[in-house]
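Under this note's numbering, think of the first position of the sequence shown as 0, with each following residue one higher.
Each hint should be verified, as a subset may be incorrect.
To be verified - Each computed BS3-like pair below joins lysine-lysine, with the alpha-carbon atoms no more than 27 Å apart: (1) LYS144 to LYS121; (2) LYS231 to LYS121; (3) LYS93 to LYS144; (4) LYS35 to LYS144; (5) LYS231 to LYS93; (6) LYS121 to LYS93; (7) LYS35 to LYS121; (8) LYS61 to LYS46; (9) LYS144 to LYS67; (10) LYS192 to LYS231; (11) LYS46 to LYS35.
Said to hold, decoys possible - For each label pair, taking beta carbons as the anchor points, the in silico distance ranges come out as: (12) ASN133 to GLN225: 29 to 35 Å; (13) PHE150 to GLY71: 51 to 57 Å; (14) THR223 to ASN106: 37 to 43 Å; (15) GLY38 to ASP9: 34 to 40 Å; (16) PRO90 to VAL153: 34 to 40 Å; (17) PHE150 to ALA58: 48 to 54 Å; (18) ARG111 to LEU44: 35 to 41 Å.
No wet-lab data here; the hints were simulated from the structure.
Each residue gets a CB set at the ideal place from its N, CA and C atoms; glycine is no exception.
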Amino acid sequence: DGCEFLLVFDEGQFSEDNTFLLSEWLAHTPPEILSKNFGLDKSVLAKLPTDELYIFPAALPKSLEQDKAAVGGPRVQSPIQYTFRMGAMAPTIKAHGGEARIVDSRNFPAARNIAAGLLTIKPGGMRELHWHPNASEWQYYIAGKGRMTAFMPVGSARTVDVRANDVGYVPAVAGHYVENTGDTDLVVLEIFKASQFMDISLNNWLRRLPPEMVTSHLGLDAATIQSIPSEKITFAG
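Throw the hints in and build the complete structure from the sequences for me.
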């Protein structure tokens, strides 16, 4: 079977065309240097590819246990875990309108410069109005369809429809929401260049302001303001 994977880099100018390739490196190293480095005869090194190998056919790997044993077993195993089964973890947040799984340096120490959220928004549900104070947000829509409005001062806003395989971007501190407009789950992966996932709920923020200030800005009376959820709900609907 084929293998599909999504690569995300924390450097916006990085191009996959600049990937560091072993075959290309050795092809640009003098044979006598390779011979001295590896302790191999030049006739053996003549078998090395003379150009880069990017995606190419190869033998299927053995079992994970066999591969680990082949490279030295527990003796050489890194103390740092570089994989995290995000889909298998219990939801960090679960509400009527959806659920979220959050991965960052707090539960995945190797993720020092990147944080992620895997959101599942139920039909009719939405990710509440919020913003991220510490990083811009990259989005990859895995399944379903939805709609998002992102707002930036002064008066700049854009509303877009999204569906599976779309990529979205929300600048840091831009207010936004994501709504499921379909009849199946909307699944979206959020990526942040930050060590920790942070968000601020508009509901929560409004309820932490003096009521008269909210009334002055929005024209809502005190009773109406009190009906706004006082805590972060994450998902509505």
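Results of checking the hints against the structure:
1. Simply put, LYS144 and LYS121 have alpha-carbon atoms about 11 Å apart, close enough for the 27 Å limit, and the pair holds.
2. At roughly 18 Å between alpha-carbon atoms, LYS231 and LYS121 fall within 27 Å of each other, so this suggested pair holds.
3. Our distance criterion of 27 Å between C-alpha atoms is met by LYS93 and LYS144, whose separation comes to about 20 Å.
4. About 57 Å separates the Cα atoms of LYS35 and LYS144, which puts this hinted pair outside 27 Å; it is violated.
5. At roughly 12 Å between alpha-carbon atoms, LYS231 and LYS93 fall within 27 Å of each other, so this suggested pair holds.
6. Proximity of LYS121 to LYS93 is assessed by CA-CA distance (about 11 Å); at most 27 Å being required, the pair is judged to hold.
7. Distance restraint check for LYS35 and LYS121: the Cα-Cα separation of roughly 61 Å exceeds the 27 Å cut-off, and the hinted pair is therefore not satisfied.
8. For a cut-off of 27 Å, the pair hint linking LYS61 to LYS46 stands: about 24 Å separates their Cα positions.
9. Taking the CA atoms of LYS144 and LYS67, the gap is near 41 Å; set against the 27 Å cutoff, the hint is violated.
10. Of the pairs offered as hints, the one joining LYS192 and LYS231 holds, with about 23 Å between alpha carbons and a cut-off of 27 Å not exceeded.
11. Proposed proximity of LYS46 and LYS35 is supported: the alpha carbons are some 16 Å apart, at most 27 Å.
12. The given range of 29 to 35 Å is respected by ASN133 and GLN225, whose C-beta atoms sit roughly 30 Å from each other.
13. A hinted range of 51 to 57 Å holds for the C-beta pair PHE150 and GLY71, which are about 53 Å apart.
14. Taken as a hint, the range 37 to 43 Å holds for the pair THR223 and ASN106, whose Cβ atoms sit roughly 38 Å apart.
15. Checked against the hint of 34 to 40 Å, the C-beta distance between GLY38 and ASP9 comes to roughly 37 Å, which is consistent with it.
16. Separation of PRO90 from VAL153 is about 37 Å and conforms to the stated range, judged on CB atoms against 34 to 40 Å.
17. Separated by about 53 Å at the C-beta atoms, PHE150 and ALA58 satisfy the suggested range of 48 to 54 Å.
18. In this structure the hint that ARG111 and LEU44 lie 35 to 41 Å apart at CB holds, the actual value being about 37 Å.
Consistency note: the structure conflicts with the earlier hints numbered 4, 7 and 9.
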